[in-house]
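Assemble the complex: chain A is given as a structure, and chain B must be docked to it using the hints.
If you're matching them up, the sequences are chains A and B in order.
Numbering (numbering that gives the first Met the number 0) for the first sequence: 0 to 347.
Numbering (numbering that gives the first Met the number 0) for the second sequence: 0 to 567.
Wrong hints could be hidden among the right ones.
[Said to hold, decoys possible] Here are the simulated EDC-like cross-link-like pairs (lysine to aspartate or glutamate), alpha carbons at most 16 Å apart as the crow flies:
{"#": "1", "chain 1": "B", "residue 1": "Lys177", "chain 2": "A", "residue 2": "Asp104"}
{"#": "2", "chain 1": "B", "residue 1": "Lys32", "chain 2": "B", "residue 2": "Asp424"}
{"#": "3", "chain 1": "A", "residue 1": "Lys262", "chain 2": "B", "residue 2": "Asp39"}
{"#": "4", "chain 1": "B", "residue 1": "Lys61", "chain 2": "B", "residue 2": "Glu19"}
{"#": "5", "chain 1": "A", "residue 1": "Lys262", "chain 2": "B", "residue 2": "Asp480"}
{"#": "6", "chain 1": "A", "residue 1": "Lys1", "chain 2": "B", "residue 2": "Asp424"}
{"#": "7", "chain 1": "B", "residue 1": "Lys177", "chain 2": "A", "residue 2": "Glu116"}
{"#": "8", "chain 1": "A", "residue 1": "Lys211", "chain 2": "B", "residue 2": "Glu326"}
{"#": "9", "chain 1": "A", "residue 1": "Lys211", "chain 2": "B", "residue 2": "Glu308"}
{"#": "10", "chain 1": "A", "residue 1": "Lys297", "chain 2": "B", "residue 2": "Glu285"}
{"#": "11", "chain 1": "A", "residue 1": "Lys262", "chain 2": "B", "residue 2": "Asp38"}
{"#": "12", "chain 1": "B", "residue 1": "Lys177", "chain 2": "A", "residue 2": "Glu114"}
{"#": "13", "chain 1": "A", "residue 1": "Lys211", "chain 2": "B", "residue 2": "Asp307"}
{"#": "14", "chain 1": "B", "residue 1": "Lys177", "chain 2": "A", "residue 2": "Glu39"}
{"#": "15", "chain 1": "A", "residue 1": "Lys67", "chain 2": "A", "residue 2": "Asp104"}
Calculated from the structure, these hints are not laboratory results.
The primary structure of each chain is shown beneath.
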Amino acid sequence: MKRVIIGENQTINRPVCLPTHGNLKVRVGEMVEFGSLIAESSQPERFEVIDIPSHFNLSPEQAEGTIKRLLGDVIAKGDVLAQKDGFITQLFRSPGDGKVVSLRDGRITLAIGLEKEQVFAPMPGVVVELIGTRGAMISLTGTVVEGAWGNGKVAQGELVFWEDLETNLLGVPGEMVKDKLIAFKKFATAGQIRRVLRLKPAGLILPSVSYKQLNLVSELDIAVISLLGFGETNMDTTSMAMLETMAGKTVCLLAEESTWGPKLSPLLILPADKPADLGLTRQTARLEAGAKVRLMGKPYMGMVGTVKALPKQPAVFASGLQSPVVELLCEGDQVINASIHNVELIQS
Amino acid sequence: MSLFLSLNLSSNEIHSLLFERQAGLYALRAQNKTAFELDDAERLMPAFRAQMQALEAETGIKMLDDDGHLAHEGHADLTGMSVVGFSFSASRPVRVGLVGISEAYSLSSLRRLVSLFDAEVVLETRLQDPLSQSQQLEALRAVDLDMLVIAGGSEEGASRALRNAIENARLFYHLMPKSIQPQIVYAGNQVLADYARLEIEAGDDFHLAPNLHHNTGEEDLSVAWKAMLRAYQRVRLQQYPHLRLLQAELKTALLPASFAMGRLARFIARLSATDKAVLLADLSDEKTSLLFANKNELMAISQANTIDEALIQSTQAYCSQNLTTAEVGEFLLNQSLNPHQLSVTISDFAIEQAWARARLWRALGAMKAIYPHLKYDGETGLHEACDPIILSGSAFSDKLKAHQSLAVALDGILPHGISTIAMDDNHLLRALGTLADKEPLLVVQMLELDSFRNLASVVSVDNQNYEDHALLDLELVLPEDDTRQYFQAGRNQLCKIDTRGIESMRVYLAPGRFSDVGMGMVGLGGWISVPDTELGLIIDARGRPLVLPENPEARAKSWRNWLWDLGG
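Chain A on its own, in the form it takes in the complex:
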């Protein structure tokens, strides 16, 4: 049974890891802010293999005698690597700052330059676990809305509804959008998205993304999250209610890709003002009468309902497929029999 977190006082543990091993910059128990450095690794900018025998026109054995460096030597640009004495002395100099990493058969391999890879905290929180030398697990409690799809980026900013800004007849001033997270209550058209993008927001929160918009939003430099997935659907009432409590506050949008371990769900999180409880009294949502669910797939995508009953008899749908069902009481007192495979349990 798929679950989706939409609720207050939810604790989120997020791994922040380098794709490779590196050096940790945090300790367990340390508080971090959005953008704090968690881990970094250094690697050479490039490798260069210098074939001394062919440069000096010597056999590999003869060339080895001309090499003036040892394995592990740190060298600066222009340092002499090899020297062939004779009537005219020939020198071979280092093409850059670096280190000798291999000497074989007269060939010198240099690791040149230094390049850093760093990972930063996508949200404020406390470091609860170190993950080898790759990174750390950060924990945060707050109001959370889980999304279905994200474009791989993270952002932090004040959450503002686009529909509230659009009421301004004279147009939307840039400062009301710049560096903020802009949320759409209804399906956003490509024109609306482009209009918002011109005003440089920090991120976009979309109810759904249409197939035609996918390339546009995937390639954006700012963070984008789709709460319901793909299609032209308006925001569901539960997410909307939660987002309304976040409006005007600084929220983190986590749509980053997992570099290590399980796939990460995209999230919106508003850190709680008060300290988190230990979650001892919190119940895990179960599929039973009274449970709140959200529907997936056609024809009810995004509709929210409450489980009335769990009929024992499976139902046959228009497609001819048979499945166990849940009887739901949805908005407007509408009763829907939905396939058990097409509902997400809302964990609130």
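Quick look at chain B alone, frame taken from chain A:
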């Protein structure tokens, strides 16, 4: 009594099959599927034990000892498992780099070699290319590799380029940061084998295989399977460290599921009395795998179910509802987010079936790319005679009815000649493949037991003379009273002749002068024996390629009509 257990782990499920042998006879005793998220390390062993307990409850056979460990043969109190098989079918690919001397003699062989091992080739280095050693090293640095496979060179041939590649492999292994410790497989010039081992200094991460090419130049990929399996296993155990516990419990090494199925494909092909090949098509929630085997060769392809523009368009073209690209794309993208979502509307279900066709079509195209001698063409279909074609995977067994599965297979594969299409509902082939090397009799007996669900016998009629309208005449002889019935198949028809309940019916195929029914020659007919199948005898006289209207509405109607011809 002896017990045999086969367990498969996918990204979201553990599937176990328990076989037993009593008085020399083997039988499938029970099976169980348990939902489980592979990334959830802490749940693996509890999920495994829960599954064993479910099997215990079903069979009444105690499989776990008092400490909760799986009992193996020789256990003091319990019967224990005589043989255990363990396969892995999660979609996360093994990222492989290939290094070969030339395209023709090493890289093409390497692509074929790794195709059995869930590999995604992310780097190819041709040592004949005018790349400097620095450029080759940079290329290695730019990708995150799980495995590097080096091949090429003849035993007495030049070795300088290969020596440089070996040195690069050493630098790559020791100096470059990677997400896991990469595995190096060396299957090149054997004169350099010791040099490679000493030079690379990768310890247990170095796997030596014989040269893929004999001195005669003949390719033999099977010589490197052992080394590839060791490397594959070490990659997977690094990617999912919690698998070590399960492997220790099962006391057997894990195999890629496609490799296990490949064993069975070869086995069936060798057992076959005819020269026909065997095609296994497995369409799971996560990936599409095809295995094609004939008496001489095994071909394989495994592709993750990625959604791209080309796949969306081919799905739209195969769809029996007239839908826009956006509708098809949005459905497929949502399906990739929630693979277990049920298609409740007619249009969604039509897309799902079309997607299965498109996946088969794409996988066959990819197979052709790495096995250029495979007689396949995207438009005219698979020209290799295949019998049987065995379907498996959730896309078939969980959702589609028999006629829908058959339609997907016929349209996606476009077989030629005479084939039997069967369904492996329980993933028996995969399970038997994991046990085949240790208990070959189990495989033989289970295959003789007719463990698959026969969907239909299919005769595909190809006729390039478009003035011909009656392509094939059939004479059916009913076994009970020897009465005869006559049928005629016309151009562009898909005919279904109900043979249910008839154990073995003899049918005479009398093709027209220009019709090919797979009897070895255009216009040649003959007697065939049709077994009892769920849908009967299907005459596919639609021709190759299928003639489809340009108009999207009319094209969708054609797919619908053909589906109706098979059963509604």
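Structure versus earlier hints - violations, ascending order: 1, 5, 6 and 10
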